[in-house]
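Enquirer: Chain order of the listed sequences is A and B.
Start counting the first sequence at 0; every next residue gets the next number (numbering that gives the first Met the number 0).
Start counting the second sequence at 0; every next residue gets the next number (numbering that gives the first Met the number 0).
In short, the hints are calculated from the structure, not lab data.
Among the clues, some could well be false.
To be verified - One-sided and incomplete, this derived list gives chain B residues near chain A with beta-carbon spacing under 7 Å:
1. 68
2. 85
3. 92
4. 93
5. 96
6. 97
7. 98
8. 126
9. 156
10. 158
What the hints assert, rightly or not - From the structure, some residues in chain B lie toward chain A, with a derived Cβ separation under 7 Å:
11. 66
12. 67
13. 72
14. 104
15. 118
16. 119
17. 127
18. 128
Claimed, not checked - Capping the alpha-carbon separation at 25 Å, the derived lysine to aspartate or glutamate pairs in DMTMM-like fashion look like this:
19. 271(A) with 113(B)
20. 403(A) with 114(B)
21. 271(A) with 85(B)
22. 221(A) with 85(B)
Because the structure is a prediction, the values reported are computed rather than measured.
The beta carbon of each residue, even a glycine, is placed where N, CA and C say it ideally should be.
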Amino acid sequence: MRVKVMKFGGTSVATPEARMQSALRVVSAREQGFSPVVVVSAIGRKGAPYATDTLINLLREIDPNVEPDARELDLMAACGEILSSVIFAHTLKTLGHRAQAYRGGQAGIRTDGVYGNARIIGINPTSLFRSIEEGCIPVVCGFQGVYVSGDGAPGGELTTLGRGGSDTTGAAIGAAMKAEAVEIFTDVDGVKTADPDYVKQAPTLRTVTYDEVAELAHLGAKVVHPRAAEIAMQYDIPIWVKNTFSDDPGTEIVKREDFPGRRVTGVSHTGKLVYLQFDLAEASEPHRIELEGRIYQIVSEHGINLYMVNLSPSGTGFAVPRDQYPLLRDLLDALVVPLDEGQKSIYLFQIGPRTREVEMQAKLLEPLGSYKCVRAALTEGCTMVSLIGHEYMQQAGLFHAVLKSLADIQIPVLQTSDSDFSLSVLVPEADAHRAVRALHDRFGLAEVV
Amino acid sequence: MNKPPKAAIGWGGETEFEKRRGVSSVEVREGYAQVHVSELGQDIVNERLAVLEAITQTGVSLDFLKLTPSGLSFLVRQEEAESIEECLQPLNVKHTVRPDRAIVLVSAVNIRDEEGLLADLVHRAISSAARVDHISDMHDRLLMVVRASDAPQLKECILEAQDAS
């Protein structure tokens, strides 16, 4: 049995015409001797009538002040893929091919119990193999699975896999069924050297390694999700990224041994971030350590995510997602921290410009004697721009080349971060386009294939 | 929810998949020196570039560069610290080179997206007896630079916290 998993994203199933085009690709694969297993996303992207966000809004609009339960959110979010799979299966039927729609749980996808961001623990694809043996094309809902608690409750709990969940479903089913290939169909020609909205001439990479694509995806490239790339790498399943609406050959994702890589693979950008740099220069070293500890304890206890963490003798800093910033500001702005060490010291936190709350706390503290202000410089509206590659990332002078390219066009760099395969800079969001283009030019990415 | 005991589920023939959440490993890498350049002047952008250009001329590859309010901080291999010292002298910039540093590398899949995990690890490290000189994060790991002699203790502290959770 030559299994080929074909995953179709939202735009590939958005309209009857798009679904027909996608379905014809499935039929074509079958005619070539493959046993296709289809994985579908919800119909359309944000704003479309059956898109995941639209369905979730049906709950939120009842009363925006009451947060729906995570369990109910998952049940609602999963409806988009269920509709999509049934409609796709019926589209195949109209073309003369028997097809069966499967929810994630019916397809044997078992997850952990984290609603909204579940991880796949295991897949038992028996029902999918049975469907193929009966002459059907299985059409599986992406983005969902089932959590079985083991406490005797029947049926299990429906869970969703979080961002990029349908790609993850496709790769995981491909691995479980030992597929010859996993094809991810989207509305671009493949993995590009940069977001084509930012760099129009960004070429399509014909071959990339799992490492490269995982790094690109982790750092913002949206074409394939890193979890999918990591599963495919673990099980050595070839992945193709193709355009549903063109005959472009697409991008093949392969093992490192099969492709030596290139100097620089691409430039990505991600995140709507807020950067905070705390000035602790006035605190003694023991107090600085206590204050830093207090900051990170509060951030941790409230589940706030961090990027670009840094620590120096004069303070600490990090970026947080913009949607989590209001919570962080509420927690830290006007926070009073008394520290005792011989002489009593009081610290008052001020995040960004002085607020009325800070003024009020300052007035309340005045009768107690002097206090010290811990100010956090605030840069709202930041984005992380990253250069991705292989060994070249260890090249002497790379930091200088990147920072100089940006300084030459007056783009301020707020912070940096690097790994074996990437170098990231935090820049103002307003400069993100220019930064991506400058690095794309500087490292000759228009010529890369 | 608690993780289900596998035997109770009765799903045979499964292929196991994604890595578990949380810390998957803690590794210590020794043999580094931390370089901290501080008190650069008003034209900090160009002064930082001058420092980086001078280092580029030495052919030394630096790791984990962080921009600080008055300068920059990074790691080099211990055996390259002398070259760095020599190249910074003529620039007349205030700098300190801390030898015998180790990196405590904490790996956790999607560490930046696991709510509060990165902050929790940093908090534990700062609250431990080890003095953390430098921190950097990537999508799948956090690295903390400490005295080589403190590294095993910090590693234990992180592992104990992980076991407890």
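Enquirer: Are the hints correct? Go through all of them and say.
Expert: Comparing the hints with the structure gives:
1. 68: Where the cut-off is 7 Å and the nearest Cβ of chain A is about 6 Å from residue 68(B), the hint holds.
2. 85: 15 Å, violated
3. 92: 15 Å, violated
4. 93: Residue 93(B) check fails; min Cβ-Cβ to chain A is 12 Å, beyond 7 Å.
5. 96: 14 Å, violated
6. 97: Violated. Min distance 11 Å.
7. 98: Given a least distance of 17 Å, the restraint on residue 98(B) is violated.
8. 126: Holds: closest Cβ of chain A sits about 5 Å from residue 126(B), inside 7 Å.
9. 156: 13 Å, violated
10. 158: Given a least distance of 17 Å, the restraint on residue 158(B) is violated.
11. 66: 6 Å, holds
12. 67: 4 Å, holds
13. 72: 6 Å, holds
14. 104: Violated, because the Cβ-Cβ distance from residue 104(B) to chain A comes to roughly 11 Å (cut-off 7 Å).
15. 118: Constraint on residue 118(B) satisfied, holds at 4 Å.
16. 119: Since chain A brings a Cβ to about 4 Å from residue 119(B), closer than 7 Å, the hint holds.
17. 127: 10 Å, violated
18. 128: Violated: closest Cβ of chain A sits about 11 Å from residue 128(B), beyond 7 Å.
19. 271(A) with 113(B): OK: residue 271(A) and residue 113(B) at ~17 Å, within 25 Å.
20. 403(A) with 114(B): Judged against 25 Å, a Cα distance of about 34 Å means the pair is violated.
21. 271(A) with 85(B): 40 Å, violated
22. 221(A) with 85(B): Violated: residue 221(A) and residue 85(B) sit about 44 Å apart, past 25 Å.
Consistency note: the structure conflicts with the earlier hints numbered 2, 3, 4, 5, 6, 7, 9, 10, 14, 17, 18, 20, 21, 22.
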